[in-house]
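Asks: Those protein sequences? They're chains A and B, same order as listed.
Be aware that the first sequence starts at 1, since it is given in my numbering, and climbs by one per residue.
Be aware that the second sequence starts at 1, since it is given in my numbering, and climbs by one per residue.
Think of the hints as simulated: they come from the structure by calculation, not from any bench.
Ideal Cβ positions, reconstructed from N, Cα and C, are used throughout, including at glycine.
Some hints could be false.
In silico contact screen, one side only, chain B against chain A (beta carbon under 7 Å); selected entries [to be verified]:
#: 1; residue: I75
#: 2; residue: E76
#: 3; residue: W82
#: 4; residue: L88
#: 5; residue: H92
#: 6; residue: F101
#: 7; residue: G102
#: 8; residue: R105
#: 9; residue: S150
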Amino acid sequence: MNGELPAGMIALTLRVAAVATLLALPPAVALGYTLARHRFRGRSLVQALVALPMVLPPVAVGLGLLWLFGRRGPLGALLDSVGIEIIFTWYAAVLAAALVGFPLFARACEQAFAEVDPRYERMARSLGASPLRAFATVSVPLARRGILYGALLAFARGLGEFGATAIVAGIVPARTETLALGIWSRIQTGDDAGARALCAASFALALGAMLVAELWLRREAPAVVSAARP
Amino acid sequence: MSGETCIRARLARGEFTLDVELRTDARVVVLFGPSGSGKSTLLEVLLGLHAGTSPCVRIAGRWLDDPERRFSLRIEERDLGWVPQEPLLFPHLDVAANLRFGARRAGAEAGRALADAIDVLELGPLLARRVDRLSGGERSRVALGRALASGPRALLLDEPLASLDLPLRARVLPYLLRVRDAKDLPIFYVTHDPDEAQVVGEWVAVLDHGRVVATGEPRAVLWSRAVLPLSEALGLENVIEARVRACGDGAAQVETRGGVWLSVPAPALLAEGETLRLGLPARDLLLAAEPPGRISARNVLPARVVRLEPADDGVLVHVDAGEPLVAKLTRDAVRALELAPGQPVFCVIKAQSLRRLA
Chain A
1 MNGELPAGMI ALTLRVAAVA TLLALPPAVA LGYTLARHRF RGRSLVQALV
51 ALPMVLPPVA VGLGLLWLFG RRGPLGALLD SVGIEIIFTW YAAVLAAALV
101 GFPLFARACE QAFAEVDPRY ERMARSLGAS PLRAFATVSV PLARRGILYG
151 ALLAFARGLG EFGATAIVAG IVPARTETLA LGIWSRIQTG DDAGARALCA
201 ASFALALGAM LVAELWLRRE APAVVSAARP
Chain B
1 MSGETCIRAR LARGEFTLDV ELRTDARVVV LFGPSGSGKS TLLEVLLGLH
51 AGTSPCVRIA GRWLDDPERR FSLRIEERDL GWVPQEPLLF PHLDVAANLR
101 FGARRAGAEA GRALADAIDV LELGPLLARR VDRLSGGERS RVALGRALAS
151 GPRALLLDEP LASLDLPLRA RVLPYLLRVR DAKDLPIFYV THDPDEAQVV
201 GEWVAVLDHG RVVATGEPRA VLWSRAVLPL SEALGLENVI EARVRACGDG
251 AAQVETRGGV WLSVPAPALL AEGETLRLGL PARDLLLAAE PPGRISARNV
301 LPARVVRLEP ADDGVLVHVD AGEPLVAKLT RDAVRALELA PGQPVFCVIK
351 AQSLRRLA
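For reference, chain A alone in the conformation it holds in the complex (with noise of 0.2 Å):
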């Protein structure tokens, strides 16, 4: 590829960042809350699991993935009875991403959500708010700073992934081949120029999207979260 802009590779790193981001999002901001507004026995073991993708070796996290998704596997074998195949496709890569960014996410909204003064969610309920809508209308909001914050993180994280990555997406060109495996497959190929290019696009996007999240958490007045004492 001798140094041309690889921008298929660009674009699916960045597709497969962006949807891994949504995908993490729901779960991240549930456990967040939950475990921000809840003390319940087990909980620390919650935080403890929720840790481990960050700090376990990415390419145990892929064997994982490889395992549950695999053709055989308890998860695989379900998705492949409705004819759905996600080892070695860019689903695959979209799971690696999302499960790698999960802890960093579901700890910022368990941050954001802490520093939310459970009062507005009374508040919201005297007025008639079922549980669900004060969380959607008042406790989201409020918490909203911290919540894309993470997301940002996540996304970030996503950009780079590559040890579970590699495991259950390979390195098919064009098909799953983000920035982080086609470095790998280059540096392989004794291609490099090549990589020493997607190494420099590597770097301008987990610049751009460091960049963003700081310029958002600058932009965003900080968001008052708790009632000002008088």
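Fit chain B to the known structure of chain A by using the hints.
Replies: Only chain B this time, still in chain A's reference frame:
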């Protein structure tokens, strides 16, 4: 409004236990007591935050919790207008959206409930304002408006003035009274301020250490011997309701409900016909056996001693000056004037001692 209010609540939280039983036909109920007495916790019970403790709550004939039938409305089903001490306006919404959040529940009546709230509390000019651009007094009014706009079946006001400084209280309290008088709604008003208790309520329950220690008509209860140590510690004073009759140079003439004319300082613009509530500390009320001669005090009222009540640090002399008033004197002073029930005296009141409450 019709029907009896009765509340039974028992709960323990750490060291603190609340054990309360109330029964009244009054529409405006004041829950009065020092901080930590359990009055706010009791309000939380009404709100439905302690459903697990099987309280029994019926407000103006409407059941909210009935443990015998294992019946308990959820927070969002109770149709209560809650105004906490900190207004808890939703910071991500502007004033109009905060009001609409409440109005949603009012259903078909929403438009009218909203317009009513805006009208009574004069919120029109604030509607487009961001919540963090409101002053303390405006915030309280918007919180009250949001509760009203929700078309509640009762109002729960938890120290709605406590976070405001004194001059601001005098500006917001009239709005509270307008709400009280404009709507035939049951109101629960939590306060530790004896002035507010006397101005707002028609019936008061005094709480101390999680228990009800007295109930009844506010003035009678707060000045009663049993409650006096508590109410005095919280700043009990005479509360006089009066109407402005004439405004002059730095002073206004007001006429009390009992028909007594008083001279009060009028630094701010007072309008003739306006209703005022004035506070007069019992220790600032002088009694004279004979009419004083030339004196700076602007008000000298002929009166008659009604009764004497010894207090820890003096004697409370209840007098009838056309308006029931209480003076606090030392035992020494009572002896020197040989005060006894039925005896004629003169009440001497500096205009400056009369502080506008609302």
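Asks: Starting from the hint list further up, note which numbers the structure goes against and sort them upward.
Replies: When the structure is compared with the hints, none of them turns out to be violated.
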